[in-house]
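Enquirer: Sequence:
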Amino acid sequence: RLGIPLLIGIDHVHGANYVNEGTIFPHNLGLSCSFDTALVAETARVTALETVGLGIHWNFSPVLDLGKNPVWPRLYETFGEDPLLCAMMGKAYIEALQQIPEGSNRALAACAKHFIGYSDPKSGWDRTPSEIPEQILHEFFAPPFQAAFDAGVRSVMINSGELNGEPVHASKFLLQDILRDKMGFEGVVLTDIKDIDKIIELHQGAIDVKEATHLAIEAGIDMNMACNAYHFCSDLKALVNEGKI
Numbered sequence: 001r002l003g004i005p006l007l008i009g010i011d012h013v014h015g016a017n018y019v020n021e022g023t024i025f026p027h028n029l030g031l032s033c034s035f036d037t038a039l040v041a042e043t044a045r046v047t048a049l050e051t052v053g054l055g056i057h058w059n060f061s062p063v064l065d066l067g068k069n070p071v072w073p074r075l076y077e078t079f080g081e082d083p084l085l086c087a088m089m090g091k092a093y094i095e096a097l098q099q100i101p102e103g104s105n106r107a108l109a110a111c112a113k114h115f116i117g118y119s120d121p122k123s124g125w126d127r128t129p130s131e132i133p134e135q136i137l138h139e140f141f142a143p144p145f146q147a148a149f150d151a152g153v154r155s156v157m158i159n160s161g162e163l164n165g166e167p168v169h170a171s172k173f174l175l176q177d178i179l180r181d182k183m184g185f186e187g188v189v190l191t192d193i194k195d196i197d198k199i200i201e202l203h204q205g206a207i208d209v210k211e212a213t214h215l216a217i218e219a220g221i222d223m224n225m226a227c228n229a230y231h232f233c234s235d236l237k238a239l240v241n242e243g244k245i
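Take 1 as the starting number for the sequence shown in the numbering used here and just add one per residue.
Fair warning: there could be bad hints in the mix.
Unchecked claim - Quick list of in silico lysine-lysine cross-link-like pairs, DSSO-like style, CA-CA up to 30 Å:
hint	residue 1	residue 2
1	Lys182	Lys172
2	Lys210	Lys244
3	Lys172	Lys194
4	Lys237	Lys68
Said to hold, decoys possible - Per label pair, the in silico range of CB-to-CB distance:
hint	residue 1	residue 2	range
5	Glu186	Phe35	27 to 33 Å
6	Trp125	Arg1	42 to 48 Å
7	Met223	Glu139	27 to 33 Å
8	Tyr18	Gln99	30 to 36 Å
9	Asn17	Asp208	19 to 25 Å
10	Glu201	Asn164	18 to 24 Å
11	Leu84	Lys244	25 to 31 Å
12	Ile193	Ile4	18 to 24 Å
13	Arg1	Asp208	28 to 34 Å
14	Val71	Ile24	23 to 29 Å
Just so you know, the hints here were simulated from the structure itself, not pulled from any lab data. Since the structure is predicted, the reported quantities are computational estimates derived from the model, not experimental observations. Beta carbons are placed, not taken as given, at the ideal position from N, Cα and C, and that holds for glycine.
Could you build all of it, start to finish, from the sequences and the hints given here?
Expert: Encoded structure:
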């Protein structure tokens, strides 16, 4: 009715890993051991070629989290612990992935994830709190994302956990002051799966889903990866009608 086309996203994070007979590449940690940005760009080119033909428009990749915590279970998805290497590899991947593949008239949108501090939880468990001094955050964790923004990445996915005691999805400081104002990102900001709900369930930062939705939208979230939940739509509409958003 509004002329908005169906938008399909996928986690093709090491090649077209959800496609039968798709080309599978090593995860980022293996690729970064080559120190070869041209190789990473080629994996992105092949991934784009094998993805756009399926009618998919958006790839939730690359992971630009810094591999600082060796017991964090998603370490292999990172380009390693060096911010310069992560930045160079991510930039090469994004620029290649977002080009229109040969034989197609469409391109994929890339997604830099997970902004910010996601990969160094204090406990080592996924989606658990991180405690990172602000200087370390800017000096080590921010550069790969800044390189992605400068390369024109079209979207960014947000850290599912807490950073320094604050749920990142509800943090105006991180999503507006840092991401938008300081780092200059102008693309789409989206949640990971059901993370607005986790403001209540995991972080105990809101009374109900409607309040969590209000906090997230005011902080700077553009899109909610709601999965099979539809309350986000009705809650958002109610908040707009009430003049709160």
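Enquirer: Kindly confirm whether 18 to 24 Å is satisfied by the beta carbon distance between glutamate 201 and asparagine 164.
Expert: 20 Å, holds
Enquirer: CA of lysine 237 to CA of lysine 68, is that 30 Å or under?
Expert: 40 Å, violated
Enquirer: Using the C-beta atoms of tryptophan 125 and arginine 1, is the stated range 42 to 48 Å upheld?
Expert: 44 Å, holds
Enquirer: Look at the Cβ atoms of arginine 1 and aspartate 208 and judge whether their distance stays inside 28 to 34 Å.
Expert: With a Cβ separation near 30 Å, arginine 1 and aspartate 208 satisfy 28 to 34 Å, so the hint holds.
Enquirer: For the pair leucine 84 and lysine 244, does the Cβ-Cβ distance stay inside 25 to 31 Å?
Expert: 43 Å, violated
Enquirer: Lying within 18 to 24 Å: is that true of the beta-carbon distance isoleucine 193 to isoleucine 4?
Expert: 22 Å, holds
Enquirer: Do the alpha carbons of lysine 172 and lysine 194 lie within 30 Å of each other, as the hint requires?
Expert: 19 Å, holds
Enquirer: Verify the proposed pairing of lysine 210 with lysine 244, using a straight-line Cα cut of 30 Å.
Expert: 11 Å, holds
Enquirer: Evaluate the given range 30 to 36 Å for the C-beta pair formed by tyrosine 18 and glutamine 99.
Expert: About 21 Å separates the Cβ atoms of tyrosine 18 and glutamine 99, which means 30 to 36 Å is violated.
Enquirer: Return holds or violated for the Cβ distance of asparagine 17 and aspartate 208 against the range 19 to 25 Å.
Expert: 37 Å, violated
Enquirer: Sort out whether lysine 172 lies within 30 Å of lysine 182, counting only the CA atoms.
Expert: Since the Cα atoms of lysine 182 and lysine 172 sit roughly 13 Å apart, the hinted pair holds (cutoff 30 Å).
Enquirer: Taking the beta carbons of valine 71 and isoleucine 24, is their distance inside 23 to 29 Å?
Expert: With Cβ atoms ~26 Å apart, the hint holds.
When the structure is compared with the earlier hints, violations turn up for hints 4, 8, 9 and 11 and for no others.
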